[in-house]
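FYI, the numbering used here numbers position 147 of the sequence shown as 147, with every residue one higher than the one before it.
Calculated directly from the structure, the hints in this document are not laboratory data. Predicted, not measured: the structure shown is a model, and the values here were computed from it. Fair warning: there could be bad hints in the mix.
Here are the computed lysine to any residue pairs in the SDA-like style, where the Cα-Cα straight-line distance is at most 20 Å [what the hints assert, rightly or not]:
| no. | residue 1 | residue 2 |
| --- | --- | --- |
| 1 | K161 | Q108 |
| 2 | K210 | R129 |
| 3 | K210 | H118 |
| 4 | K210 | Y107 |
| 5 | K210 | R123 |
If you anchor each label on the Cβ, the simulated ranges turn out as follows [stated by the list, open to error]:
| no. | residue 1 | residue 2 | range |
| --- | --- | --- | --- |
| 6 | R249 | K161 | 22 to 30 Å |
| 7 | P204 | V77 | 37 to 45 Å |
| 8 | A153 | R116 | 30 to 38 Å |
A virtual CB, placed ideally from N, CA and C, is assigned to each residue, including glycine.
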Amino acid sequence: MKRALVLAPLCLLALFSFFLPTSAEAVRFGLREAAPMVQMRPDGTLGGLEYDIIQATLRAVGMTLVPYVGSNTRLAVAADGKAVDGFAPVIGTPPEGITLTDSYITYQNVAMTLTRRHIKLERIEDLSRYRVLAFQRATQILGPAFASTVSIAPLYREEPKQVLQAAGLLHDRYDVVIADARILQHYIAAALAASGKHPSAGPPVVTEHKLFVPTFYSAGFRDAALAARFNEGLRQIRADGTYDAIMARYRPAY
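Let the sequences and hints guide you as you build the complete structure.
Here it is, written out as structure tokens:
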């Protein structure tokens with residue numbers, strides 16, 4: 001377990017609140033760790049593509065992000081229990097009383113297989129023949145055809161820790177893993193590097209099957225006024241080039 005995550009989420013809130021500038025308006029905001037979208041840096045601070053977008057969005061309208069880190073399910077529970085003011089991404093149906101923002105990021109979920117297995121996937125229904133490992137709440141996000149298909153697959157499981165998805169594929173415990181392409185490629189590259197293999201050396205290790213349409217994710221807030229301010233901040237960073245600069249900063253890794 002990463003050293004910074006051994007703290008309970010509420011302790012993290014207290015720790016970050018202590019160091020906030022007094023002029024900033026603190027927003028307790030839930031995030032789930034999934035590199036390279038949200039990840040712990042070597043110095044113990046958070047970063048990543050999604051984190052940077054949300055932080056810049058809040059900062060543009062005079063708010064400061066106070067992070068609460070948890071799984072997708074835990075974030076929804078935290079929002080419902082008022083432990084956080086908002087959270088992202090909102091997966092599936094939001095808790096009652098949550099106001100969704102405009103979409104702040106687009107995910108491209110893919111089905112990924114080992115190239116050496118020569119698995120052919122042309123449509124969602126083809127997954128019914130394979131052992132499938134997907135991200136948490138995938139059956140709610142990817143639609144009824146996906147949910148129906150994996151219900152008859154030889155094995156289907158959802159895993160909140162996507163580093164374990166990459167391991168499940170590389171070690172042949174699953175035939176297919178399903179998640180955002182950027183996240184899966186990040187963890188697979190890290191696993192290969194840890195084993196002494198360079199991801200770009202030789203033929204591709206994995207094959208991406210684009211069976212799904214892009215998913216446009218929103219943040220959710222308990223206070224509709226905060227959601228409106230988030231939208232305004234998002235409009236500002238898109239207009240002034242900050243959003244594109246953040247996207248470009250993470251693009252070279254893929």
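Here's how the hints hold up against the structure:
1. K161 x Q108: holds, 18 Å
2. K210 x R129: holds, 17 Å
3. K210 x H118: Given pair K210, H118 holds - Cα atoms ~15 Å apart, limit 20 Å.
4. K210 x Y107: It holds: about 12 Å lies between the C-alpha atoms, which stays within 20 Å.
5. K210 x R123: Since the Cα atoms of K210 and R123 sit roughly 9 Å apart, the hinted pair holds (cutoff 20 Å).
6. R249 x K161: 22 to 30 Å: Holds, since R249 and K161 (Cβ atoms, about 25 Å apart) stay within the stated range.
7. P204 x V77: 37 to 45 Å: Taking Cβ atoms as reference, P204 and V77 lie about 39 Å apart, which means the hint holds.
8. A153 x R116: 30 to 38 Å: Check failed, 21 Å falls outside 30 to 38 Å.
Taken one by one, the earlier hints fail for this structure only at number 8.
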